[in-house]
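Undergrad: Residue numbers (this note's numbering), protein chains in the order written: chain A, 19 to 134; chain B, 486 to 617.
It is worth saying that the hints were derived from the structure and are not from the lab. Hints are supplied without guarantee of correctness; some may be wrong.
Covered stretches of chain A (in silico footprint by chain B; criterion: 3 or more residues with CB under 8 Å from a CB of chain B, positions within the stretch not fixed) [unchecked claim]: (1) 23-30; (2) 41-48; (3) 86-97; (4) 106-120; (5) 124-131.
Some residues of chain A that are not near chain B, with every Cβ distance over 10 Å (derived) [stated by the list, open to error]: (6) VAL33; (7) LEU37; (8) ALA71; (9) ASP72; (10) PRO75; (11) SER76; (12) ALA77; (13) ALA78; (14) THR79; (15) ALA83; (16) ILE100.
From the three backbone atoms N, C-alpha and C, an ideal C-beta is built for every residue, glycine too.
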Amino acid sequence: MTLLLATLAGAVGAVCRYLLSGLVQQQTRSDFPLGTLAVNLAGAFLLGLLAGADGLPSAATMAGAGFLGGFTTFSTWMIETIRLGIPPLRGRAVANLALTLLAGVALAAVGYSLTN
Amino acid sequence: MRLRQLTVDSEPWIAVLGGGLVGSAARVGIGYVLPTTPGAFPIATLMVNLIGSLFLGAYLARRERAATVRWSLQFWAIGVLGSFTTFSAFSLDVVHLLEANRPMSALGYVTASVIGGLLLALTGQRLGSSFG
Chain A
19 MTLLLATLAG
29 AVGAVCRYLL
39 SGLVQQQTRS
49 DFPLGTLAVN
59 LAGAFLLGLL
69 AGADGLPSAA
79 TMAGAGFLGG
89 FTTFSTWMIE
99 TIRLGIPPLR
109 GRAVANLALT
119 LLAGVALAAV
129 GYSLTN
Chain B
486 MRLRQLTVDS
496 EPWIAVLGGG
506 LVGSAARVGI
516 GYVLPTTPGA
526 FPIATLMVNL
536 IGSLFLGAYL
546 ARRERAATVR
556 WSLQFWAIGV
566 LGSFTTFSAF
576 SLDVVHLLEA
586 NRPMSALGYV
596 TASVIGGLLL
606 ALTGQRLGSS
616 FG
């Protein structure tokens, strides 16, 4: 039952990612993939918050983790990095890799420590 | 007229929702079969992220050469493969490994995910542009 809940929440997360990343990309009018960056960083922070919180009902944890699993994406991050310039490894590709990685882990840690 | 417009505008996100169901079900299923306790090496997340990167590279390269149905990109790339892979779990996995005082595992996990993901996405692109 919780698996079904996590799956449904993940599909809703995918739609939210589609709409939000599209909106960010459109508003910023950048050719840097800021839409994916925004959803991935927001999702990492929120999952940190969720993971640190104790005593939540397991259904809420599953739904939240399922949603954020679908809301964030790893494969798009890889492809967009390649499109920025790999191979050879170019500055903008490195920037997209390093920024997403460092900020994502840092935000997950901040979220986790806020509720833990 | 207004209803018709609403229907037309709804189509892309419905394709994302349908694809998201498939991708999320697969990710949740793999997580169920290969459960990871926080601080242990997150093999399930690594697997979905690597496999998803390979398939996304292949799909996008194939799409440049062959006609696809309407909303195919929204279904497969954004829906299925976008939600099959996950960045939030990846980030939290790294935090858990560092918290468990396993910095070398964290480094290995990040390297395997990112370098492996890039190489597999490039491999997928090669495969997608030479076959099918």
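Undergrad: Each of the hints needs a verdict: does it hold here or not?
TA: The hints, checked one at a time:
| no. | hint | verdict |
| --- | --- | --- |
| 1 | 23-30 | holds (count 7) |
| 2 | 41-48 | violated (count 0) |
| 3 | 86-97 | holds (count 12) |
| 4 | 106-120 | holds (count 3) |
| 5 | 124-131 | holds (count 4) |
| 6 | VAL33 | violated (5 Å) |
| 7 | LEU37 | violated (7 Å) |
| 8 | ALA71 | holds (13 Å) |
| 9 | ASP72 | holds (13 Å) |
| 10 | PRO75 | holds (18 Å) |
| 11 | SER76 | holds (14 Å) |
| 12 | ALA77 | holds (14 Å) |
| 13 | ALA78 | holds (16 Å) |
| 14 | THR79 | holds (12 Å) |
| 15 | ALA83 | violated (7 Å) |
| 16 | ILE100 | violated (6 Å) |
Going through the hint list in order, the structure does not satisfy hints 2, 6, 7, 15, 16.
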